[in-house]
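*Asks:* So the chains spell out like this:
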Amino acid sequence: MPDLKLRPIESEDDVAAIATFLADLSLVGRRGLRDDRPVPRSMASLIRVIEGMAEKELGETWVVDSGGVVGMVSADWWWDAMSPWVHVVIDPQHQRHGHGTMAIRLVLDHLFLNTPAHIVQGGVPGWDDEGLAFAESLGAVEMGRMRRVGVREGAYFDEVDFVITRDMWEEEHASRR
Amino acid sequence: MPLEGDLVRLREIRESDLDLFAELRNDLEMQAWSRTLPPDYTIEMIRRRYWDRDFAYRRTDAIFIIETKDKEEVAGMISYSDLVDRMEATWGVAVHKRFWGTGVGHDAADTLLHFLFHELGLRVVRLWTQSGNERAVAAFEKLGFKVAVRAPNAIFKGGQYVDNLCMDLLREEWYALHPDLEDGLEDPFR
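Chains as they are written, first to last, in the working numbering: chain D, 197 to 373; chain H, 2 to 191.
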């Protein structure tokens with residue numbers, strides 16, 4: 197597995213690197229951005245969004261760093277620290293190297309070891325087969341589907357929401373020791 | 002033409018309604034909020050919260066007072082937010098407990114849904130509630146809403162864990178419950 201860490205967004209170079217890979221058309225609609233409708237966005241718009249995410253009070257956004265910026269992870273507990281939402285997005289040029297799995301494990305470890313998180317939630321567009329497979333590979337359990345969250349390629353799509361409970365994480369965490 | 006149902010009309014907030022807002026917020030049963038709020042809201046706090054809204058043609062949210070038609074009594078508030086043009090919105094309601102079980106809440110909600118679907122042309126309307134509020138869940142199901150997402154034990158309230166529920170109602174489902182209305186909006190995506 198690659199040597200990987202999560203660290204804060206620290207510089208304009210970090211923001212630019214994240215915005216550059218988030219502009220990749222294959223990620224459109226599954227970048228974990230607020231109102232991430234399936235349309236391309238300008239670099240300037242992406243930079244503004246990333247800078248906003250880096251400053252949010254009730255949540256964190258980290259760079260996924262594996263000798264360079266390979267992705268971004270965000271956690272949001274605006275509603276309740278007991279039930280945060282997380283999202284991971286990996287640069288398409290660095291996918292299929294296990295970065296996403298390692299990054300989400302680090303976030304889950306952080307949330308369950310250092311915060312009052314009782315469950316951790318995440319959402320995946322219904323058309324995103326890779327994202328759905330990734331959630332299932334983590335052992336996340338489907339909580340349901342928010343219907344008709346957007347339109348893509350001539351059809352409505354749902355958002356599939358997943359949960360990992362503290363019990364589930366403890367079992368998985370123990371198996372890693 | 003005001004927003005009017007059989008029992009209620011939905012109207013703008015007036016200065017004289019601020020007492021009701023404080024009363025709704027300062028009663029743990031009536032807060033209608035999945036997180037418990039400290040019941041210490043002052044009239045001045047409420048005024049700053051709701052008087053800060055500017056005129057605009059493009060709006061993503063609205064808030065109405067529920068007023069009974071027969072006695073013109075203020076019965077609660079109902080609102081929507083996070084509106085995405087011609088697509089979706091999320092709504093919420095808080096009814097004073099003096100009016101629970103009178104049909105006022107149901108009529109107010111259906112009046113708002115009429116506005117969201119029939120006037121604004123939305124495709125889906127959502128709401129968030131929690132499984133511990135069985136009265137509310139039953140009321141929303143009566144309006145046609147279905148549980149879309151159930152987050153297990155996501156909320157701690159009243160000394161226990163309860164599930165956080167996202168419920169939704171599609172446009173065609175709402176029209177099916179109102180056969181007297183014709184949906185004149187074409188849907189290219191169905």
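Some clues are possibly wrong.
Which residues of chain D face chain H? A few of them, derived with a C-beta cut under 7 Å, are [as the list claims (entries may be wrong)]:
id	residue
1	Ile315
2	Arg343
3	Arg344
4	Ala351
These are computed hints drawn from the structure, not numbers from a lab.
Quick reminder that beta carbons are idealized off the backbone N, C-alpha and C, glycines included.
*Asks:* Would you check whether Arg343(D) satisfies its interface hint, that is, whether its CB is within less than 7 Å of any CB in chain H?
*Replies:* For Arg343(D), the interface hint holds, since the closest Cβ of chain H sits about 5 Å away, which is under 7 Å.
*Asks:* Does Arg344(D) meet its interface restraint, that is, does its C-beta lie within less than 7 Å of any C-beta in chain H?
*Replies:* Holds. Min distance 4 Å.
*Asks:* Minimum Cβ distance from Ile315(D) to chain H below 7 Å?
*Replies:* At about 6 Å, which falls below the 7 Å cut-off, the nearest Cβ of chain H leaves the hint on Ile315(D) intact, so it holds.
*Asks:* Answer holds if the nearest beta-carbon of chain H is closer than 7 Å to that of Ala351(D); otherwise answer violated.
*Replies:* It holds, given that the least Cβ distance between Ala351(D) and chain H is near 6 Å, below 7 Å.
In summary, this structure violates none of the numbered hints.
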